[in-house]
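As given, the protein sequences belong to chains A and B, one line each in that order.
All residue numbers in the first sequence are consecutive under UniProt numbering, ending with 227.
All residue numbers in the second sequence are consecutive under UniProt numbering, ending with 107.
Hints are supplied without guarantee of correctness; some may be wrong.
Said to hold, decoys possible - Pair by pair, the computed Cβ-Cβ distance ranges are:
{"no.": "1", "chain 1": "B", "residue 1": "79", "chain 2": "A", "residue 2": "34", "range": "35 to 41 Å"}
{"no.": "2", "chain 1": "A", "residue 1": "110", "chain 2": "B", "residue 2": "66", "range": "43 to 49 Å"}
{"no.": "3", "chain 1": "B", "residue 1": "64", "chain 2": "A", "residue 2": "66", "range": "22 to 28 Å"}
{"no.": "4", "chain 1": "A", "residue 1": "48", "chain 2": "B", "residue 2": "15", "range": "36 to 42 Å"}
{"no.": "5", "chain 1": "B", "residue 1": "44", "chain 2": "A", "residue 2": "80", "range": "34 to 40 Å"}
{"no.": "6", "chain 1": "A", "residue 1": "131", "chain 2": "B", "residue 2": "88", "range": "38 to 44 Å"}
{"no.": "7", "chain 1": "A", "residue 1": "118", "chain 2": "B", "residue 2": "67", "range": "47 to 53 Å"}
{"no.": "8", "chain 1": "B", "residue 1": "68", "chain 2": "A", "residue 2": "177", "range": "36 to 42 Å"}
{"no.": "9", "chain 1": "B", "residue 1": "12", "chain 2": "A", "residue 2": "48", "range": "32 to 38 Å"}
{"no.": "10", "chain 1": "A", "residue 1": "37", "chain 2": "B", "residue 2": "18", "range": "16 to 22 Å"}
Simulated from the structure, these hints should not be mistaken for lab results.
Quantities reported herein were computed from a predicted structural model and do not represent experimental measurements.
Positions of the beta carbon are idealized from the N, C-alpha and C atoms, including for glycine.
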Amino acid sequence: MANHSQLNFQDASSPIMEELMGFHDHALMVALAICSLVLYILTLMLTEKLSSNTVDAQAIELVWTILPAMVLITLALPSLRILYMMDEINEPDLTLKAIGHQWYWTYEYTDLKNLTFDSYMTPTTDLPLGHFRLLEVDHRVVVPMSSTVRVIVTADDVLHSWAVPTLGVKTDAIPGRLNQTSFLANRPGVYYGQCSEICGANHSFMPIVVEATPLANFESWSSSHPS
Amino acid sequence: QSFKLLGFLDVKNVPCARESVLYGSLASLVMGLGHFLATSRVRRSCDVAVGGYICTMLGYWFYCRYNLAQQRIRQRMIKEGMKNRILFEGTYLDPEKKQTGSERSDS
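Generate the whole structure from the sequences, applying the supplied hints.
Below is the structure:
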């Protein structure tokens, strides 16, 4: 989860999020170079005497056409690489359905047995000591770690969005439509997210909690959970 | 703790960022000063300094990130190899077992 006043990304827990963070660093470095150049040119312009002797300027026109094109290519190539990486067909080990309602999520594990449950936010008054306000839920989404999980996201009423920042996942839940995403949790842990599409009065109070555990723990959890 | 250059680039925590900015600054200083000492033209020396800063910073950034990516790929391969070694130890897939088997057949 994010710490208070955190502006940067949370630590990555999936390979895709690691790639996205790397690309973000790359884009910011290019942005730093451009900002430095613009700052310098601005300083020059402010100290330069105005003259109306310039009729045409072929060289500068060539430079400020080619340079932005190169900058765009520098940004586009890694961006497209990650975009296609996110859409790779990867034979998921588990399929999970996430259905958004006002104002809770329903999860369905229908691969082996019909396991369905609702996930409501734990009210602040019922929160045990040390737990996170507005983030904890009564039933977490348990997934096996180091396994590709496919999530099919939809909604029952209005638009919602299933988002877990540390896994690099954000998928809109649209009524009447099935959107698909997948992720792979690198390591065991508990990952928090929140609904990311305005959906009414309690939009801020329908969090998502993904618990990644070793496969044996996942199997014992699913067998102990009544269908 | 983080130090953000121009308010957005976290040079402490982003790999290769600190070295890129430092080498860029050093190159900028050297090139700008060198050009001024050679030509005594202030304005052009400033242009050379800024150009050198940007080119060196971006050049080192690409070089460092490329090496970092290669290192991470090697780390993943080693990690996968270590996991497979533990899994396959003693089975017919164990490469060390095949090696000792062939040595015995040679002798």
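For each hint, the structure was consulted:
1. B:79 with A:34: 35 to 41 Å: For residue 79 of chain B and residue 34 of chain A the Cβ distance comes to about 37 Å; the hint holds.
2. A:110 with B:66: 43 to 49 Å: 44 Å, holds
3. B:64 with A:66: 22 to 28 Å: With Cβ atoms ~25 Å apart, the hint holds.
4. A:48 with B:15: 36 to 42 Å: 39 Å, holds
5. B:44 with A:80: 34 to 40 Å: Once the Cβ atoms are compared, 39 Å apart, the range 34 to 40 Å for residue 80 of chain A and residue 44 of chain B holds.
6. A:131 with B:88: 38 to 44 Å: Hint holds: Cβ distance 42 Å, inside 38 to 44 Å.
7. A:118 with B:67: 47 to 53 Å: 49 Å, holds
8. B:68 with A:177: 36 to 42 Å: 39 Å, holds
9. B:12 with A:48: 32 to 38 Å: With Cβ atoms ~36 Å apart, the hint holds.
10. A:37 with B:18: 16 to 22 Å: Taking Cβ atoms as reference, residue 37 of chain A and residue 18 of chain B lie about 20 Å apart, which means the hint holds.
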